[in-house]
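The chain contents come next:
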Amino acid sequence: MSKHLNLTLKVWRQDGRDQAGRFETYPIGISEDASFLEMLDVVNEHLIADGKEPITFESDCREGICGTCGFIINGIPHGKEKGTATCQLHMRKFSDGEHITIEPFRAASFPVIRDLAVDRSALDRIIEAGGYITVNSGAAPDANLIPVPKETADAAMDAAACIGCGACVAACPNSAAQLFTSAKVEHLNLLPQGQAERWSRVENMVETMEMYFGSCTNHGECHEACPKEISLDFIAYLNRDFMKSKIKNRKLAGQR
Amino acid sequence: MSQTMTRSQPGGAAPIRKSPRRLPFPLNIYQTAVGKKWVMAITGIGIIGFVLAHMIGNLHLYEGPRQVNEYGEALRDLGGHLAPRTLVLWVMRLGLIGMFILHIHSAYGLTRMNMAANAGAKHEEKRDYVAANFASRTMRWTGVIIGLFVVFHLADLTWGKTHPGTYVRGNVYYNAANSLQTWPIALIYIFANIALAFHIYHGAWSMFQSLGINNPKYNQLRRMFATGLAGLILVGNLSFPIMALSGVIDKDNVAPNATVEVDR
Amino acid sequence: MIGELDPRAPAGPLDEKWTNHKFNMKLVNPNNKRRFTVIVVGSGLAGASAAASLGELGYNVELFTFHDTPRRAHSIAAQGGINAAKNYQNDGDSVQRLFYDTIKGGDYRSREANVFRLAEVSVNIIDQAVAQGVPLAREYGGLLDNRSFGGAQVSRTFYARGQTGQQLLLGAYSALMRQVHLGKVNMHVRSEMLDLVVADGRAAGIVVRDLITGDITAHSGHAVVLATGGYGNVYFLSTNAMMSNVTAAWRAHRRGALFANPCYTQIHPTCIPASDDFQSKLTLMSESLRNDGRIWVPKNPDDTRPPDQIPEQDRDYYLERKYPAFGNLVPRDVASRNAKTVVDQGRGVGPLKNGVYLDFADAIARDGRAAIEDRYDNLLQMYERITGEDPFKMPMRIYPAIHYTMGGLWVDYNLMSNVPGLYVMGEANFSDHGANRLGASALMQGLADGYFVLPYTIGDYLAGQLGKQPVPNDAPEFKSALANVADQTKQWLSVKGTKSVDHYHRELGKIMWEYVGMARNKVGLEKAMSEIAALHGEFRKNVRVLGSAETLNQSLEKVGRVDDFFQLGHLLARDALEREESCGGHFREEHQTEEGEAARDDDQFAHVAAWEWTGEETPEIRHREELAFENVKLAQRSYK
Ligand SMILES: Cc1cc2nc3c(=O)[nH]c(=O)nc-3n(C[C@H](O)[C@H](O)[C@H](O)COP(=O)(O)OP(=O)(O)OC[C@H]3O[C@@H](n4cnc5c(N)ncnc54)[C@H](O)[C@@H]3O)c2cc1C
Ligand code: HEM
Ligand code: HEM
Ligand code: SF4
Ligand code: F3S
Ligand code: FES
Numbered sequence: 116m117s118k119h120l121n122l123t124l125k126v127w128r129q130d131g132r133d134q135a136g137r138f139e140t141y142p143i144g145i146s147e148d149a150s151f152l153e154m155l156d157v158v159n160e161h162l163i164a165d166g167k168e169p170i171t172f173e174s175d176c177r178e179g180i181c182g183t184c185g186f187i188i189n190g191i192p193h194g195k196e197k198g199t200a201t202c203q204l205h206m207r208k209f210s211d212g213e214h215i216t217i218e219p220f221r222a223a224s225f226p227v228i229r230d231l232a233v234d235r236s237a238l239d240r241i242i243e244a245g246g247y248i249t250v251n252s253g254a255a256p257d258a259n260l261i262p263v264p265k266e267t268a269d270a271a272m273d274a275a276a277c278i279g280c281g282a283c284v285a286a287c288p289n290s291a292a293q294l295f296t297s298a299k300v301e302h303l304n305l306l307p308q309g310q311a312e313r314w315s316r317v318e319n320m321v322e323t324m325e326m327y328f329g330s331c332t333n334h335g336e337c338h339e340a341c342p343k344e345i346s347l348d349f350i351a352y353l354n355r356d357f358m359k360s361k362i363k364n365r366k367l368a369g370q371r
Numbered sequence: 033m034s035q036t037m038t039r040s041q042p043g044g045a046a047p048i049r050k051s052p053r054r055l056p057f058p059l060n061i062y063q064t065a066v067g068k069k070w071v072m073a074i075t076g077i078g079i080i081g082f083v084l085a086h087m088i089g090n091l092h093l094y095e096g097p098r099q100v101n102e103y104g105e106a107l108r109d110l111g112g113h114l115a116p117r118t119l120v121l122w123v124m125r126l127g128l129i130g131m132f133i134l135h136i137h138s139a140y141g142l143t144r145m146n147m148a149a150n151a152g153a154k155h156e157e158k159r160d161y162v163a164a165n166f167a168s169r170t171m172r173w174t175g176v177i178i179g180l181f182v183v184f185h186l187a188d189l190t191w192g193k194t195h196p197g198t199y200v201r202g203n204v205y206y207n208a209a210n211s212l213q214t215w216p217i218a219l220i221y222i223f224a225n226i227a228l229a230f231h232i233y234h235g236a237w238s239m240f241q242s243l244g245i246n247n248p249k250y251n252q253l254r255r256m257f258a259t260g261l262a263g264l265i266l267v268g269n270l271s272f273p274i275m276a277l278s279g280v281i282d283k284d285n286v287a288p289n290a291t292v293e294v295d296r
Numbered sequence: 008m009i010g011e012l013d014p015r016a017p018a019g020p021l022d023e024k025w026t027n028h029k030f031n032m033k034l035v036n037p038n039n040k041r042r043f044t045v046i047v048v049g050s051g052l053a054g055a056s057a058a059a060s061l062g063e064l065g066y067n068v069e070l071f072t073f074h075d076t077p078r079r080a081h082s083i084a085a086q087g088g089i090n091a092a093k094n095y096q097n098d099g100d101s102v103q104r105l106f107y108d109t110i111k112g113g114d115y116r117s118r119e120a121n122v123f124r125l126a127e128v129s130v131n132i133i134d135q136a137v138a139q140g141v142p143l144a145r146e147y148g149g150l151l152d153n154r155s156f157g158g159a160q161v162s163r164t165f166y167a168r169g170q171t172g173q174q175l176l177l178g179a180y181s182a183l184m185r186q187v188h189l190g191k192v193n194m195h196v197r198s199e200m201l202d203l204v205v206a207d208g209r210a211a212g213i214v215v216r217d218l219i220t221g222d223i224t225a226h227s228g229h230a231v232v233l234a235t236g237g238y239g240n241v242y243f244l245s246t247n248a249m250m251s252n253v254t255a256a257w258r259a260h261r262r263g264a265l266f267a268n269p270c271y272t273q274i275h276p277t278c279i280p281a282s283d284d285f286q287s288k289l290t291l292m293s294e295s296l297r298n299d300g301r302i303w304v305p306k307n308p309d310d311t312r313p314p315d316q317i318p319e320q321d322r323d324y325y326l327e328r329k330y331p332a333f334g335n336l337v338p339r340d341v342a343s344r345n346a347k348t349v350v351d352q353g354r355g356v357g358p359l360k361n362g363v364y365l366d367f368a369d370a371i372a373r374d375g376r377a378a379i380e381d382r383y384d385n386l387l388q389m390y391e392r393i394t395g396e397d398p399f400k401m402p403m404r405i406y407p408a409i410h411y412t413m414g415g416l417w418v419d420y421n422l423m424s425n426v427p428g429l430y431v432m433g434e435a436n437f438s439d440h441g442a443n444r445l446g447a448s449a450l451m452q453g454l455a456d457g458y459f460v461l462p463y464t465i466g467d468y469l470a471g472q473l474g475k476q477p478v479p480n481d482a483p484e485f486k487s488a489l490a491n492v493a494d495q496t497k498q499w500l501s502v503k504g505t506k507s508v509d510h511y512h513r514e515l516g517k518i519m520w521e522y523v524g525m526a527r528n529k530v531g532l533e534k535a536m537s538e539i540a541a542l543h544g545e546f547r548k549n550v551r552v553l554g555s556a557e558t559l560n561q562s563l564e565k566v567g568r569v570d571d572f573f574q575l576g577h578l579l580a581r582d583a584l585e586r587e588e589s590c591g592g593h594f595r596e597e598h599q600t601e602e603g604e605a606a607r608d609d610d611q612f613a614h615v616a617a618w619e620w621t622g623e624e625t626p627e628i629r630h631r632e633e634l635a636f637e638n639v640k641l642a643q644r645s646y647k
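Those sequence lines, one after another, are chains A, B and C.
If you read the first sequence in our numbering, its first letter stands for residue 116, the second for the next number, and so on.
If you read the second sequence in our numbering, its first letter stands for residue 33, the second for the next number, and so on.
If you read the third sequence in our numbering, its first letter stands for residue 8, the second for the next number, and so on.
Simulated from the structure, these hints should not be mistaken for laboratory data.
All C-beta atoms, glycine included, are put in the ideal place defined by N, C-alpha and C.
One should not assume that every hint holds.
Simulated DEER-style distance windows between Cβ atoms [claimed, not checked]:
#1 A:307 x C:208: 49 to 55 Å
#2 A:262 x C:23: 32 to 38 Å
#3 B:219 x A:123: 43 to 49 Å
#4 B:110 x A:265: 53 to 59 Å
Calculated lysine to any residue pairs in the SDA-like style (CA-CA distance at most 25 Å, straight line) [stated by the list, open to error]:
#5 B:154 x A:161
#6 C:506 x A:165
#7 C:503 x A:348
#8 B:249 x A:254
#9 C:360 x A:165
#10 C:486 x C:263
#11 C:29 x C:634
#12 C:517 x C:497
#13 A:167 x C:496
#14 A:208 x B:50
#15 A:118 x C:496
#16 C:497 x A:168
#17 C:503 x A:165
#18 C:40 x A:254
#19 C:640 x C:601
#20 A:265 x C:17
#21 A:125 x A:142
#22 B:50 x C:190
In isolation and in its complexed conformation, chain A is listed as follows (with noise of 0.2 Å):
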């Protein structure tokens, strides 16, 4: 009942961070009902079985969750299937006999660790610059002292289901992580408990962003590539807001 697919695979092979890469050809035959990902587990079932190195890849929860997995198929970060990780892609969006080109993300802030694995810790210095609430273990009151709007705590969960994957930046043309930082500062700036905190967060967050990756200019291309569709109106909420931490009077800073 279910279609048998033979494709042939371009996929890109690097030994090390700093070693030439080269794109090396597999031909595969699989079935319709085989993940994007399980696909490559096999290719590697018989790299391994020819005495060849298994192609280097990263995934984890294989749910779309965990942000882990990702590569550039066919020219597009997680492929051209809107709202889909890597891994959540299946075989069967895929016609016999096509050509797929793999390649990984590309940044100069995501080196190439191997293969199709990249380093994406330049997003946790973004976080590490001000992505939090300050409160210590146990310093919390009840949490329904502060009621939330429903709208507001919507569009807060809206930003902050970013999955933290880099395809933004991939996708980018200008290696910006606007679309990243805007749904980490936002998700917090939005919501009550995050006021406090507020123009520090988006002064530091984005000054961080601006150390590693480069500048928006609005190309849109992140919102496509994310799995998670995280919205284009996140960066111009964090430019309004980084531009109004720059004039606020911060003893004032608690009106809006």
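Given the coordinates of chain A, assemble chains B and C with the ligands onto it according to the supplied hints.
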């Protein structure tokens, strides 16, 4: 006790630029990319304003020589008897020059930064764009084209370098018609103004994002606005060379040496 | 060496134990805290929350995770929600009730004192999370919303869409990153713990391998905290993340830490059945689907008609038939076992006949498609994305899968293992869930341990260490541990066998699932033990690991983990064999009521089985911790 640190972790990406020494407010804003982008939007708006007004002003070309030249005079007389002649105009010019400089400088800064951000990370396979359109990807080039055009344009109509012999200071109509009726020059105008339209098509939308003007209720209006504006300026500005070539605007409508009569 | 296992649960009335204990424990004064170094392994809910809290208190924390960033930990995948006895819904919930439900749900195989403490601090977790900016679901009034989960009588489950685990982890992760920023936590990512170092009877540090460079380094501290997650992947196919493994816990076990109740594994009834041999993991479909879906299989094993053409009289709604009162909402283990029964009878559905139908036709007819859509939309999409079948046209196919492991390293009331200075938290310890975990209680336990229990109890131990320098990481114990790990690594590369690591992992999984899965019996378990041993032998002789040890080498990472799974799998089967009763997730076919219900044997088995490693060749020793129930009376479950 701890050998490895996250930062010193092998592979941990090194910054592409170090955070610069903080300049005093408001210069510190301009040190950041978001700040530069903001400046770019503001100056962009200013320049758009000029281009729009300029385009409308140039419509006088259709009324005839007298009116155009009067309009030119009027510009120089701005501020009437309160301010010395051409002072206000010069203030405006300086403002315009300032905006161009800032706009270009910030554009240059951001472009440098973005090149650093994907240095050595070229896509090996041709990448596929979903959202980024021709206009957004060519802003730098359309920008440069406009820049060069403006220089040429000033040489052409303000300094008269293109027709040393025939250029007549003050006879705006004659000079404009004279230039636009020569094919090569007309083509340059047409080409440049198409580039301009593209630039505005992305720019006039992009600036809202850069300034953080965003309200899901009205967001679709931003796109319409940009498209409309780019279209309007395109039509307006293209009409001049075209009409000149087709003889509607004709240098024979006015004697070259005709001293410009304006009643004051 | 190990005498009677002492849980060190404080005396006194149940509801005062924790309060008194907090008062009686020794404190470390603020200036002295900075003199202590605590090693935390794991950055999931438990690890991240603990590392952050310890950093806030002023300890120096060395945090290790094999992930590239803490935010990837398997906790991120939790969907349903987190329990807390807030009673915001005013439906009669209370600490007492959450305590009771947890004990009963665990089939009376957990420690009263721990469970009560868990229920007690559950309320603080929600406060903490909300203050961190975790966007938990809210009602229009702006107050927090709750749902009833896993058949609980009260609505005590807090949730953030279908991504509760993700949001709670991001909360803990943000608190952690703040401490990293302040320099109190030193984060080592892509660093896998491969051994525990025990010096003069105490946990002194760990040996880790840098997954990128292959460097093997030793790290020492005053105490070691493991928060390394569950071992569900011993079954190869499970709902756990691909990289979840038992290595950290197992290596600690081999260094003397007791492993408790390995046979307590939880199966989740509603997962998407495997579609082929290349299947790499199973995807969970929220239990809530059972509220509207009706579960059935064809009466006739060789009925090949498509479901919509099978008339009512030829369908067997077996849950509704056998359990009229609860119907499709019977607890996880009951639903799971019955699915296995019908599939074993050859009445399974789908291309591989390995599932049962979960049918929404009636619900759609009753409430309309729209209602069902907005109730389960994202789930139904996920299902269609994976199977390519539209649940509105064709009933869903579901089958149980391994989901959670209640067993783990043995810990006392202070979360300290029998090895002084070694603490274990979250799913990695044998924890508070007894023989079966209630839905939405794992997140609660992980965060309770990390935010509110360990930060207190560890001080009690460290206070005694004041003035002592940690054993230097070039001490002989460290040297030999380093050497061991280095040799092992080379060893694997030198086997040069013929079959891949995944091949053996998959084969191991098949044995585990077949004989040590949902229903177990003596014959099967003995078979399993011998087959596992045999396969393990072959594995060590014939596994093929290519590449070098000085680069990122995923096969090399996996081979050690799978080797540990083999050893654990064997112990798991043995534990199941020796527990001659059925309780919670552990079902022995020999021990069931005539209704096919789990039959406990409280006289013989109201105890924790804690296993002691004695070496590769010699069998493990089974120790007991007797469970005393002073506050609840033991009762038999019945869902008729
Ligand atoms: C699909 C799914 C849904 C679930 N839904 C729910 C739910 O709705 N409600 C609920 O309460 N529970 C749920 N659970 C259970 C719950 O998610 C887990 O039990 C819990 O998150 C475990 O957290 P943890 O911190 O103990 O371990 P994990 O989150 O598994 O973290 C383990 C950490 O240890 C690190 N680590 C492991 N070994 C090593 C090593 N050797 N060296 C270095 N680092 C190591 C890993 O890198 C990771 O950071 C669900 C589980 C699954 C699989
Ligand atoms: C003179 C030479 C010019 C150069 C080199 C130039 C260059 C650029 C560049 C590189 C950008 C950034 C691209 C982006 O943000 O997507 C930009 C943006 C913009 N430009 Fe220009 N430009 C020039 C002239 C003009 C003119 C004449 C106008 C108006 C008619 C204009 C209006 C804008 C606007 C509105 C933006 C958008 C700003 C934003 O997105 O925040 N530019 N320009
Ligand atoms: C086809 C379109 C255009 C026509 C017909 C046109 C025509 C003119 C004319 C007649 C003048 C007056 C010259 C004088 O001072 O005597 C002028 C000046 C000028 N134009 Fe244009 N122009 C066009 C497009 C543009 C564009 C697109 C720009 C900028 C992006 C521009 C920028 C200027 C500037 C900066 C001046 C000098 C103004 C001053 O002297 O104060 N023009 N133009
Ligand atoms: S914004 Fe989207 S693409 Fe970028 S990291 Fe987050 S989830 Fe990935
Ligand atoms: S693609 Fe890049 S330019 Fe901005 S809108 Fe997205 S970050
Ligand atoms: S593997 Fe977790 S998001 Fe793809």
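Against the structure, the hints come out as follows:
no.: 1; hint: A:307 x C:208: 49 to 55 Å; in the structure: holds, 51 Å
no.: 2; hint: A:262 x C:23: 32 to 38 Å; in the structure: holds, 34 Å
no.: 3; hint: B:219 x A:123: 43 to 49 Å; in the structure: holds, 47 Å
no.: 4; hint: B:110 x A:265: 53 to 59 Å; in the structure: holds, 55 Å
no.: 5; hint: B:154 x A:161; in the structure: violated, 30 Å
no.: 6; hint: C:506 x A:165; in the structure: holds, 11 Å
no.: 7; hint: C:503 x A:348; in the structure: violated, 54 Å
no.: 8; hint: B:249 x A:254; in the structure: violated, 39 Å
no.: 9; hint: C:360 x A:165; in the structure: violated, 33 Å
no.: 10; hint: C:486 x C:263; in the structure: holds, 18 Å
no.: 11; hint: C:29 x C:634; in the structure: holds, 23 Å
no.: 12; hint: C:517 x C:497; in the structure: violated, 29 Å
no.: 13; hint: A:167 x C:496; in the structure: holds, 19 Å
no.: 14; hint: A:208 x B:50; in the structure: violated, 44 Å
no.: 15; hint: A:118 x C:496; in the structure: violated, 41 Å
no.: 16; hint: C:497 x A:168; in the structure: holds, 17 Å
no.: 17; hint: C:503 x A:165; in the structure: holds, 13 Å
no.: 18; hint: C:40 x A:254; in the structure: holds, 19 Å
no.: 19; hint: C:640 x C:601; in the structure: holds, 23 Å
no.: 20; hint: A:265 x C:17; in the structure: violated, 43 Å
no.: 21; hint: A:125 x A:142; in the structure: holds, 9 Å
no.: 22; hint: B:50 x C:190; in the structure: holds, 21 Å
Of the numbered hints given earlier, the model fails hints 5, 7, 8, 9, 12, 14, 15 and 20; all others are met.
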